[in-house]
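Asks: Chain by chain, the residues:
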Amino acid sequence: MAALLSVEGLTKRFSGLAALDQVSFEIREGEIVGLIGPNGAGKTTLFSIIAGSQPPTSGKILFEGRDFTRVKPFRAVHAGIARTHQIPQPFLSMTVRENVEVGLRFGRDPGGARNLVKEVTEILELVGIASLENMAAVTLSVGDLKRLELARTLATRPRLLLCDEVCAGLTECEMQSILGLLRRIQALGTTIIYVEHNLRAILSTCHHVIVLNFGKKLAEGPPETMQNDPAVIEAYIGKKA
Amino acid sequence: MSAAERSPGLAARPLAVLPPLILLGLLAALPLLNLGANSVKVLFLTFVSIAASVGWNILGGFAGQVSFGFAVFYGLGAYTTAVGINEGLNPYLTYPLAGAVAALASLLVGLPTFRLRGPYFAIATIGVSEATRVVMTNLEFTGGASGYRITEHVPFRQLEHYFTGLMLAALAVGLSIIVRRSRFGLGLRAIRDDQDAAADSGVNPYALKLGAHAIAAALTAAAGGVYARYAAFIDPEGVFGFPRGVGILLMPVIGGVNTIWGPVIGGGVYGVIEEELVARFPQLHLLLYGVLVMLIILFEPGGVVGLLQRTRRFVLRRREASWQPS
Numbered sequence: 001m002a003a004l005l006s007v008e009g010l011t012k013r014f015s016g017l018a019a020l021d022q023v024s025f026e027i028r029e030g031e032i033v034g035l036i037g038p039n040g041a042g043k044t045t046l047f048s049i050i051a052g053s054q055p056p057t058s059g060k061i062l063f064e065g066r067d068f069t070r071v072k073p074f075r076a077v078h079a080g081i082a083r084t085h086q087i088p089q090p091f092l093s094m095t096v097r098e099n100v101e102v103g104l105r106f107g108r109d110p111g112g113a114r115n116l117v118k119e120v121t122e123i124l125e126l127v128g129i130a131s132l133e134n135m136a137a138v139t140l141s142v143g144d145l146k147r148l149e150l151a152r153t154l155a156t157r158p159r160l161l162l163c164d165e166v167c168a169g170l171t172e173c174e175m176q177s178i179l180g181l182l183r184r185i186q187a188l189g190t191t192i193i194y195v196e197h198n199l200r201a202i203l204s205t206c207h208h209v210i211v212l213n214f215g216k217k218l219a220e221g222p223p224e225t226m227q228n229d230p231a232v233i234e235a236y237i238g239k240k241a
Numbered sequence: 001m002s003a004a005e006r007s008p009g010l011a012a013r014p015l016a017v018l019p020p021l022i023l024l025g026l027l028a029a030l031p032l033l034n035l036g037a038n039s040v041k042v043l044f045l046t047f048v049s050i051a052a053s054v055g056w057n058i059l060g061g062f063a064g065q066v067s068f069g070f071a072v073f074y075g076l077g078a079y080t081t082a083v084g085i086n087e088g089l090n091p092y093l094t095y096p097l098a099g100a101v102a103a104l105a106s107l108l109v110g111l112p113t114f115r116l117r118g119p120y121f122a123i124a125t126i127g128v129s130e131a132t133r134v135v136m137t138n139l140e141f142t143g144g145a146s147g148y149r150i151t152e153h154v155p156f157r158q159l160e161h162y163f164t165g166l167m168l169a170a171l172a173v174g175l176s177i178i179v180r181r182s183r184f185g186l187g188l189r190a191i192r193d194d195q196d197a198a199a200d201s202g203v204n205p206y207a208l209k210l211g212a213h214a215i216a217a218a219l220t221a222a223a224g225g226v227y228a229r230y231a232a233f234i235d236p237e238g239v240f241g242f243p244r245g246v247g248i249l250l251m252p253v254i255g256g257v258n259t260i261w262g263p264v265i266g267g268g269v270y271g272v273i274e275e276e277l278v279a280r281f282p283q284l285h286l287l288l289y290g291v292l293v294m295l296i297i298l299f300e301p302g303g304v305v306g307l308l309q310r311t312r313r314f315v316l317r318r319r320e321a322s323w324q325p326s
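Just so you know, the protein sequences line up as chains A and B, in that order.
For the first sequence, the residue numbers in the working numbering are 1 to 241.
For the second sequence, the residue numbers in the working numbering are 1 to 326.
Next comes chain A alone, as it looks inside the complex:
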């Protein structure tokens, strides 16, 4: 099967410091891929570049075989690449429903004649905040804002969802429910790249794991293998004495 996304030799330098250094990998359609690595490994930078918020210094990004290297963020969304932020960025003057409506009406399929009300409700039900539909986004709790962030992003009808630490700051219980949600989204046909610090979350959810460390790809493979890879263990907890 051809790759949905391929990243080739991606490098990003911030005045001398290489945040990403010759990173290459491929994502196949339908997978949930975990992207892990210690703080500062370059995970969020990688997302920013794939989503078009930042240009890379060098390297190439192909989405469905087409060059998406320096694409504008809204064009990436139109093609089907959508991103959730670690810190949710809702439209604060809008209600929950209106937030989702923006994604639907400007996303990959902004088509005219359709039942917007129904589609918004479906998305809100999927992420579990349907009861909050008429609340102002400013009044939501952190957990609900994370769900709204997912809803707003899903509303653009992505083919590839870039999820940045959706579980950070959540309780164990909330985390399990979000992970279940990601599995359901994947089952509905969306490919997911999932950045996470919490190894347990990654191991229980992902088909494939990519490990970044200091901007370089350290290893990749199935989660069980990664868990026992000496290089990965060293990056996370240091060398054995």
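Just so you know, these hints were derived from the structure itself, not from any lab.
A portion of the hints provided could be inaccurate.
[Unchecked claim] Looking from chain A toward chain B, a few residues come up when the C-beta cut is under 8 angstroms (computed): (1) V77; (2) H78; (3) E101; (4) F106.
[Said to hold, decoys possible] According to the in silico footprint, chain B covers these stretches of chain A (three or more CB under 8 angstroms from chain B): (5) 68–76; (6) 83–91.
Where a beta carbon is used, it is the ideal one built from N, C-alpha and C, also for glycine.
Position chain B relative to chain A; hints supplied.
Replies: Just chain B now, with coordinates in the frame of chain A:
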């Protein structure tokens, strides 16, 4: 959240269209009362102000892009109409022409300045505005600093101007409502809230801002054109001057930015008091506006509409409290 005006669909509140239509009817019937020439003039100027104010709000309010440079479009509109009429065009053809010229100019202004954000955009618009004024002051074709006179070979009928102004103001409000309720308006709100998040949801911020700028500029220019025909004489200082740009921005701020009726109220207040203020305090009136803006931003950023909403909530709460069985 005074700025977060809810706008349920017309279907949900069919009666919501009634009050504005009644107001429009009353204003249309008002000349039957045989108002004095001066009252008609003040009302006419108020309509022109409202049109410009509502126009500015589409960019400055809905999209949150504060521009100090709308004198550029007001002036371009005034001069387009003036030259058009002197060249023998029907006055009513010159207004859409003025709008088209300004919309085009708004693209020229917007293409570079919309790469800037927030205060940097605002400062850039001041530069554009002053540069345009200097060019117009030195343009010989329109008489430069000494101004430009419009010669019409038809008798002056004040009521014709009154109705033209009223229609333009109504058109501006109608357009503003349509924009607010459209997909385009939703995109503008998203940009106002968070431009990056908007782009992450598929909104093209650059294109939408250019669009809002063009609509706002066209309305402002039509207002300038309608004013120019009434005044029959315009000069760069008057229509392109910085105080003009500040005035256009002040009206929505007074009334309540980013709402449908705030700019109308603000335009109404401004139109009625401006003449009086300029006449009584020719040196001081801008200072008074400055103080007013500071007070509004400090105490009620939502303007008159914000104040009304706050009062309503206060009254409702009091009433609720008094109903509680003790």
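Asks: For each hint, tell me whether it holds in the structure or not.
Replies: Right, here's what the structure says about each hint:
no.: 1; hint: V77; in the structure: 4 angstroms, holds
no.: 2; hint: H78; in the structure: 6 angstroms, holds
no.: 3; hint: E101; in the structure: 6 angstroms, holds
no.: 4; hint: F106; in the structure: 4 angstroms, holds
no.: 5; hint: 68–76; in the structure: holds (count 3)
no.: 6; hint: 83–91; in the structure: holds (count 5)
Violation of the numbered hints given earlier is absent; every hint is satisfied by the structure.
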